[in-house]
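K.L.:
Each chain is listed here by its residues.
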Amino acid sequence: MNFRRILKTIFQSQLGPIFALAFILMLFAIADQRWSSGNYLSPRNFRVMMNSAALIAVPALGMTMIIIAAGIDLSAGTALTLCGTVLATQFKYAAVASGEPGFFWVVLQAVGLTLLTGCLCGLVNGGLISLTKVVPFIVTLGTMTIFLGIGQIISRESTVYADEKNIPGWLSDFCYTGSNSERYLNFGFLPNIPNSVLLTLILAIAVVLLLRYTVFGRNVFAIGSSESTARLCGVNVPFTIITVYTLAGVFVALGGLMYYANVKNGNPSDGMGKELEIIAAVVLGGGSLSGGRGSILGTLMGALIITAIRSGCAQLSILNTYTHIIIGGIIIVAVIVDQLRHGSPEWFFRLLPAKNTES
Amino acid sequence: MRGQSILEVNEICKTFGPTKALRGVDLKVRSGEVLALIGENGAGKSTLLKILSGAHRADSGQMLIGDRPFRPSGPSDTRQSGVAMIYQELNLAPELSVEDNLLLGHRGTGGGLLIRNRQRSKVLEALKTVGLDGISPMAIVGEQSIATQQMIEIARALVAEARIILFDEPTSSLPQKDVARLFSIINDLKKRQIGMVYISHFLEEVREVADRYAVLRDGENVGEGKLEDVEDDTIVSMMVGRDVENLFPTVPHCPGEPWVKIQDLTGFPYPKKINIELRRGEIFGIAGLVGAGRTELIRTVFGLDHLSTGSVSVNGESVRSSIGERIKAGFGIISEDRKNEGLAQNLSIIDNLTLSRLADYTTLGVLNLNRRKQTAEKLLNRVQVKCKSSGQAVSELSGGNQQKVAIARIIHQQADILLMDEPTKGIDVGTKAEVYRMLGELAATGKTIIFVSSYLPELLAVCDRIGVMARGELRDVRDTLDWTEEEVMRVAIG
Chain R
1 MNFRRILKTI FQSQLGPIFA LAFILMLFAI ADQRWSSGNY LSPRNFRVMM NSAALIAVPA
61 LGMTMIIIAA GIDLSAGTAL TLCGTVLATQ FKYAAVASGE PGFFWVVLQA VGLTLLTGCL
121 CGLVNGGLIS LTKVVPFIVT LGTMTIFLGI GQIISRESTV YADEKNIPGW LSDFCYTGSN
181 SERYLNFGFL PNIPNSVLLT LILAIAVVLL LRYTVFGRNV FAIGSSESTA RLCGVNVPFT
241 IITVYTLAGV FVALGGLMYY ANVKNGNPSD GMGKELEIIA AVVLGGGSLS GGRGSILGTL
301 MGALIITAIR SGCAQLSILN TYTHIIIGGI IIVAVIVDQL RHGSPEWFFR LLPAKNTES
Chain C
1 MRGQSILEVN EICKTFGPTK ALRGVDLKVR SGEVLALIGE NGAGKSTLLK ILSGAHRADS
61 GQMLIGDRPF RPSGPSDTRQ SGVAMIYQEL NLAPELSVED NLLLGHRGTG GGLLIRNRQR
121 SKVLEALKTV GLDGISPMAI VGEQSIATQQ MIEIARALVA EARIILFDEP TSSLPQKDVA
181 RLFSIINDLK KRQIGMVYIS HFLEEVREVA DRYAVLRDGE NVGEGKLEDV EDDTIVSMMV
241 GRDVENLFPT VPHCPGEPWV KIQDLTGFPY PKKINIELRR GEIFGIAGLV GAGRTELIRT
301 VFGLDHLSTG SVSVNGESVR SSIGERIKAG FGIISEDRKN EGLAQNLSII DNLTLSRLAD
361 YTTLGVLNLN RRKQTAEKLL NRVQVKCKSS GQAVSELSGG NQQKVAIARI IHQQADILLM
421 DEPTKGIDVG TKAEVYRMLG ELAATGKTII FVSSYLPELL AVCDRIGVMA RGELRDVRDT
481 LDWTEEEVMR VAIG
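Chains R and C are the protein sequences, given in the same order.
For the record, in the first sequence the residue sitting at position 241 is 241 according to the working numbering, with numbers rising by one throughout.
For the record, in the second sequence the residue sitting at position 319 is 319 according to the working numbering, with numbers rising by one throughout.
Don't take each hint at face value.
Stretches of chain R that chain C covers, calculated by requiring three or more beta carbons in the stretch to come under 8 Å of a beta carbon on chain C [as the list claims (entries may be wrong)]:
(1) 202-216
(2) 227-234
Short, incomplete list of chain R residues facing chain C, as computed with Cβ under 8 Å [as the list claims (entries may be wrong)]:
(3) F221
(4) A222
(5) G292
(6) R293
Computed footprint of chain R on chain C; a stretch qualifies when at least three of its residues, placed anywhere within it, have a C-beta under 8 Å from a C-beta of chain R [stated by the list, open to error]:
(7) 344-353
(8) 365-379
FYI, nobody ran anything at the bench for these hints, they're computed from the structure.
Note that beta-carbon positions come from the ideal geometry of N, C-alpha and C, so glycine has one too.
For reference, chain C alone in the conformation it holds in the complex (with noise of 0.2 Å):
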């Protein structure tokens, strides 16, 4: 039974006006194994799994489940042919009960009325798989962690006797702990002989939870083959197409004198008591687990949040808390939620981009949009973004070069405390690489970062002093050399 091909994806073409997203893209999923997905920003995963799912559909090429042609016309035709989704951002009602979620669009009622009792066993199994056998039925899913929204919405996928799911970077938004949870739920659900497909950006877990792996880049197969027979390097040269000698580029750089200081800085519920002294030129890490409170460091520092007792001073003075003080004084946020918060997404990249800073460009109130907008492509030059013009929405550009849009309006603000929450989420290992030499810059030339970031090796590589948090507290501070992973994580649980 096992190695059956369940799915095959042949030829597949899809274009959107000028920019082809697939060029004839094969894919072959079989019962009983996880096949990695893996690509930069913009490869054509996105969009692959958008056909999949049924919410594009392909210009050219065929796909089949089994060996019946498969073109589906929308999601609930994907779920009828046994296909799951399970995407970055959950797909859950948060005001309905777990069994109505898990239950929400099965067709297994009676003349349109929905029999609970006859669908209970099968929610009562399906949670049991997810190894949520505590939770009542009747929980609200709103009210759960986002580590347990997420086997709620695999246990959706058992309901609907899926077949194959489909992840796209499931462990995105997980804590490490829950991350070992999802890995072996993923293991019993080979045993079950279901077919998966996993997209993800981090090789080491790709190589902890798949078989076999298949790598796109601009819309084409570039290799495949078994996890077990490919060195790392070979994989992130297929990703982007070049020999990549260093992942993590730094950029030398020599913390100067004392600036920023943080005192006894306490919001509510977190941060507790922060005390943290920066230098000119320096990359502050902060590490710790999900919740731990270091986004809510980062904007109670800039006036984001509320603050209820201490201070931020710079050069010795003290900064009142107000985001149009914090800004004055030099500080600038890239926030970790790109989509909602950190840009408007269907403002034009030359609006995103100038901002936090228009009235540079006035004479006597009236803008001129001639120079912002030749200052704003210079700057776009500079951090490379990918665009077909300026003025194209935010919304257009792939993840990666959102991110260089919102680095690149801290750099025209002219901020010196660039505050960074995950700077990196989200974006590819090529981007990655650029982000990480960005930084570099910017402290060579005296600007002082905080750096928040989940991803450990990056921390190491790329900061001079890192801070471990948890509960809200900044538990221990040393320089980088004086840290290991391990080290961290274990001050990290305490």
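If we strip away everything but chain R, and leave its shape as in the complex, we get (with noise of 0.2 Å):
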């Protein structure tokens, strides 16, 4: 009855991400039903949409922690490579191949070092940031090209390859998206789902709970909203921001593992860019920079958007060049939605008819 009211509750629903999502996924699909195969809405390119969003959703779930805590963290992109690189090194100089005994502790040892050096790279991160007190732009801005550099030392400025042969079953399988049903974890009841997809929904779910009924998670909303305010309230600021960098270090590091088990070679340099990816990911999702603000779920979707505009762009053979104004497109539209919905809509409620005065 109300158009200004339905599009206010429309706004001021948590759902946004969603409904963007549907959205997008809808006109690709026609479009794509139109111009093109058909293919986009296939298993199989549903399988490929949601193993690339998940690549980009592991490593966002640490990054929506640390925007939350009004930081942000431009190196997580070659944090992400250097660790994936770490993996790659590993198993290119293991002593032992796949199936033979003694493989185990060569793939614990690789996985290990992985998750250690994510963490180490969240530390050095968090404890920069809470020591010096410089802004974590900055500061992430100067460790984004030291892991880098850290990284092309490791891989001696080529591109780590290691022997089919001495990756492990699990690892090959993680991001594998084709047809056959073997090579999914599908316990025998679910249907096709590549396992980077569980990993991810199982992490999500994890943070979810961590941010919303632990003293800890708390205590970075709290800090994003107001860091003076938190210290006055006896929050221990500088040991939740380095947790939270750590933490996120963690997740950089398994993004790093499925970086790896996806392209099956350590580059340190395809980090690059990556940061911004999931960057992107968190502010679609209402992620806001200034902190105190943001959800998982969210962060979710701002991934499936990202990688359903390029995969529909594939589908429709757009140019690449034309993918990137989009997606750079979106987010721009994405953060104007969601200031309407958090800020002062006065002036776009202006453009909508006006109320009748005289009542």
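Two independent chains are provided; combine them into the complex using the hints.
P.N.:
Rendered as structure tokens:
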């Protein structure tokens, strides 16, 4: 009955990113049916999209926590490929091949070192930020290139390929999106969902619970909303910030592991620019760079939106150059819409038909 | 010329969602006079100001400047129409020079170029009018005192040739002597036939500076007239809608055994060698001018500011100087800066309320959100916070209700030693009375309170003892009965 009210309700609900994703999927599906092969929503392409989204989403979970705490991590991209490179190097120089006795320890060591690398990257970021009080943007801008450099030292400035027989089977299957159901961890009843997506969902639920049901989680929101208030209330601000960045480092390491599983090699410079994709996913999902606000569900949707657009453009044979422009435009539009939901929508609602003033 | 109406507001209505902020407000400002706009927080004063400044648009009703309709679409439009606002929080660019600030947004330029010389005489004249002849137009604004900055802001209104100036609680951050200066400037502005609206919580101040008054309550006009024809009590009862017999309700309490000992407390640069012994159930007031080191004292006691020497002990045991340790020892604080430090504005009421004692709701690290909500809502009821729901963001509450949330938080924290820095700043008379009663009740249950305030009547009414600070030192401590307002001021200035 009231156009303004309906619009307002849609804007102010938390479901905005879901609506946006549905809208984008629909748009591309229709366009795909009309002008292209009609494969956009096929199970296979769907798996491909979900897998690509998972690759962004896992590090974006950590980034969501950082952004809620009013921080930012520009080093996430190069830290991610640094972790991937560490993993690749471990397999490349492994003394035993897959299936041989002792290979378990090789895998354990490789994965352990990868996670440790991620942790350390996060610890360095968090430590520098809370000890030196230099803004996160600058600190992580610096560590971004430092991590790139370290990665290049480890990889001897080339791409690290490990022998196929040295890569454990589960890792090879981790990002598999083909039609062989045996390569999916479907427990006998699940449909064919890429293993990377399963991991993402589990991690996402864990982070949701962490943020909502623990003192740590509430403290993260408090610090992001007002650091001085948090301090006044006895929150241990440096500890919380270091923990947030270190945890985010773990997610980055898992992202690095998935990256390696996906491309089967480790190249440190692949990570340049990945951080922006990760940040974009958080922002598309409603995270506010000024802190205090962000949602895990939103971030997952954000990652899906980016891949849905990219895949859709590929299906329609739209040139890469235009895809970039479309994604950039969507990010800006999304943030404007988000501001309308939270900030001062006055100017916007003025554009709508005015209410009858004589009532 | 005097008495001619220059700003007229007729039947202005404004609703925000379910809240009716203004329901048909009328206002008339005449040239060369000061109209005091009085009302509790949430009465609609700020909304009205925002409509006048073009930040909000009225749902219905009209405004006239002279006899031309006035429908501002934004700040520059307002400025063009000759209306200037002086807000509580100053609106200057601190890194720019005085002159740049005065000319900011000014359209007297040649083809987009700022021709300074052409404007210079105007700038100097405006500065002279506000009594700032001594200041160089090239001085950086951020380096000036708050009082000077406020004068600069008024000068900016003059440069823009404002005919109507709206003041929103201009004295809330001013030291006493600068208040007198502000008032003499307002009197000068009157002679220049400028019409002014003056918003303030302080009736004494309003009487000193304003000619007429208009009272708003719940978005409606409830009374207006000449100030000389009305008693304070009448105005107060108009504001709160009922008779207030007692502006300073006290609860009987008697201080018990010595409990908290502050010894030689010194920070950099303030406070200096402070010694206080507090008793259980005592309200200890701290008076002094702005900048005397009162806030620094409280922050050092709480562990927020760095301690050079000295110690704080509770019950004979020394407490280490970290916020965590101090909270454990029973200290709680209410910050003077409610907006930035006191509360996390975009978090919910519950989150703010429970932040300092969250661990109580965990079992094996998992928060019990239901239990937290129940406890919080019980507490909100007790301190009577007006809100839609406990999940509402704190920023949506009025100043008085925000302050109640902050007080509820230290009650929830079960703090025994409450450090309150200007707890009644910027809240209305009715809420102030509630705060005084709460302080009394807390003291009666054995809590110790340090109460810092710039408003002497409340200190004299509520405290058991009062200490006066000047230049970082605690100059004199006496029982409240042995102080008078004049005595306190004499020590504070010394």
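K.L.:
Each hint needs a verdict: does it hold in this structure or not?
P.N.:
Hints and how they fare:
1. 202-216: holds (count 4)
2. 227-234: holds (count 7)
3. F221: holds (6 Å)
4. A222: holds (5 Å)
5. G292: holds (5 Å)
6. R293: holds (7 Å)
7. 344-353: It holds: at least three residues are needed, and the segment 344-353 of chain C offers 6 whose Cβ sits within less than 8 Å of chain R.
8. 365-379: Coverage by chain R holds here, the residue count being 4 at a Cβ distance below 8 Å.
Checked against the numbered hints above, the structure breaks none of them.
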